[in-house]
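J.: In order, the protein sequence lines correspond to chains A and B. Following the numbering used here from start to finish, the first sequence increments by one per residue and tops out at 402. Following the numbering used here from start to finish, the second sequence increments by one per residue and tops out at 1402.
It is possible that some hints are incorrect.
Some chain A residues judged to face chain B by a derived CB distance under 8 Å, without partners named [unchecked claim]: (1) Asn-78; (2) Thr-309; (3) Leu-325; (4) Asn-328.
Read the hints as simulated data drawn from the structure, not as lab findings. Since this is a predicted model, take the numbers as computed values, not measurements. Built from N, CA and C at the ideal position, the CB exists for glycine as well.
Protein chains: 2
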Amino acid sequence: MVSVSSGPELLVRNVRPLGGDPVDVLVREGRIAAVGANLGASPSARVEEGDGALLLPGLVEGHTHLDKTMWGLDWYRNDVGPQLIDKIDNERAFREASGHDAGAQSLALARAFLANGTTRLRTHVDVDTQAGLRHLEGVLRTRSALQDVQQIQVVAFPQSGLLGRPGTAELLDRSMAAGADVLGGLDPCAIDGDPVRSLDVLFGIAERHASPIDIHLHEPGAMGAFSLGLILDRAEAHGLQGRVAISHGFCLGEVTQPERDALLARMARLGVVLITSAPASRPVPPLMACRDAGVVVVGGNDGIRDTWTPYGVPDMLERAMLIGLRYNLRRDDELAVALDCVTESGARGCGFADYGLQPGCRADLVLVDAHGVAEAVVARPVRRLVVAGGQVVARDGLMRHQ
Amino acid sequence: MVSVSSGPELLVRNVRPLGGDPVDVLVREGRIAAVGANLGASPSARVEEGDGALLLPGLVEGHTHLDKTMWGLDWYRNDVGPQLIDKIDNERAFREASGHDAGAQSLALARAFLANGTTRLRTHVDVDTQAGLRHLEGVLRTRSALQDVQQIQVVAFPQSGLLGRPGTAELLDRSMAAGADVLGGLDPCAIDGDPVRSLDVLFGIAERHASPIDIHLHEPGAMGAFSLGLILDRAEAHGLQGRVAISHGFCLGEVTQPERDALLARMARLGVVLITSAPASRPVPPLMACRDAGVVVVGGNDGIRDTWTPYGVPDMLERAMLIGLRYNLRRDDELAVALDCVTESGARGCGFADYGLQPGCRADLVLVDAHGVAEAVVARPVRRLVVAGGQVVARDGLMRHQ
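The following block holds chain A by itself, in its conformation from the complex:
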């Protein structure tokens, strides 16, 4: 849980929630106390004038890798090979040689996310037999440092595979004991080569720690659909309804429609969430079909400026735009769906509690100068004001305390 500030009231005046009529928002003890026209506040209340700005709830990052980033460091020259395993091996070698500091780097990127209004964030952290729990410990320090203003879910993620490097399962076990929130998995066929054993080991660890699961499933077409079926079998057998997420799930954009629809129906029934960065260069799960089937779809950036990819900015409005472009969402009502992936559905899918713009919710508020949600997504305006856990943390895109 995120702690909330006490201190004086905050009154944010004249803002338009999701483009609706102007209201004031009263914040007390870190939560939204009231939303309405012409609210009163105690004489000691701090007042922020919204000037009719668009009000969004705190933005949600559903899938990133804070520990990998080189955000703020010198440019990393990328000449990495094209295969997944090239990127995995290159990264391990780079980290060993460079002494990459996952703690400092995750803090820098998390703060940049916060300056852009991201108040809830799920990050996958590499756990492997070379680095052990070093990256995890660094990111746990970041989670702790920001706990008053940003809720970070830490996924213990076997980036180098679970079975291939003996000792990884034990490291994941220790990671969960050390405070990771979610257990991560990776391509049980393509990387581990033994999908049944890989998933049995993974779900065994999850059961011991009663932890939710988030599995990177890059596997294409029929292979991915096969692995997904095995995952769903185990979600059902272990009683993990509402506790399992599939990240990427590219196969859902490749199999035939009847196969896809059967998988989506099963995912919906088991409350299995789909988390996507909506990459432009790959087949992707069909957003509207997923939602229509009842599958919650969450947006995420994936890695930002690391040895895998030079791309990415810690801005969930830009990710919403890229989701919109990938799915050809042009109408205002469609762009609201793109935003939903990084707000309401993002929070629901990741299980972030007390989320929203209603009284009682944690006071995570983002103000931008935009007509409405659609313009916010396509124009990605500078965040005029960010309130997190009731505190003003950033103004005009810059953190208040640098």
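With the hints as your guide, set chain B onto chain A.
T.: The following block gives chain B in isolation, referenced to the frame of chain A:
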């Protein structure tokens, strides 16, 4: 031709052309006079300190629609239907009802492009039986107003089809006589319904005016490949080597590889250029296969903030980034290809003369704070300085004369 300023010399000191070693650039009478270390200049020369910034040549926009944009206006609520014809009909109705001012709007967007370093630009302008040449005349005024600092190629474009609304061919004829630079075309099967007659009429107009041609070819798969074949037949028969461009060409991303390679080989032989916005939601021509075959590939935004699409910003570095994302270009050397589409290849494909960073070229210089080309593409930094036709036109992203 773009006129060039006389006036005093300009010395841009300490910049790194495309990330190379630091040099000075001397500008005289609107052209690059010299590039080298520690250049001297006349005592009256104006000096700009580059502080080691990355130097890019002026950016090139290969395909946009300045006349359609609502850039700077109130938000346009998009509730348009999904078909191409819905968008075409909606736009014509909207313009009739709103009195949309293509002259003022094209100027606003062209200036915004310039502030972001775009010094050469090809724009398609709607010519139809409802608006006649009104949009064209507006954009020709913009071309004229900016001629000292931005080279604008105007394409007379039959957005509502060439055959369906009698009188359109005559309007295109008059457009070319009125000063349009390029003759535009549109889907001869899907929109005109009579590909042979449509293309014969189009190439007939081009022959009368000795004009280059740029055809929007959205048609998918086999239909598009069929139309493309008919276009190539006519490019060959009319001796239009190096004078024909295909915009979009989605079919090249859908047909079988042997069909595609045969079309690309023929395009290369006839000097037919491909212009793409690299949309994330559609099949696209394979960038590297096009280049390997010898086809010049040019990048463009397509429409920006209009009744067709809410997306888009007048920034060719962002377009280069979207090209990079669409084609999964991650290595530094691959990102240089993305930039090439909006610089060298853009200029070559559109036929913009005197382009580049060599002595003799028109002095179009863009300075950004970035390590190199790859970082410029992914980070899209604010343009620190833009020199166009030898004049300083923008600084820190803002036009010098607002």
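J.: Confirm or reject each hint.
T.: These are the hints, each one checked on the structure:
no. : hint    : verdict
1   : Asn-78  : holds, 5 Å
2   : Thr-309 : holds, 6 Å
3   : Leu-325 : holds, 4 Å
4   : Asn-328 : holds, 4 Å
The structure shown violates none of the earlier numbered hints.
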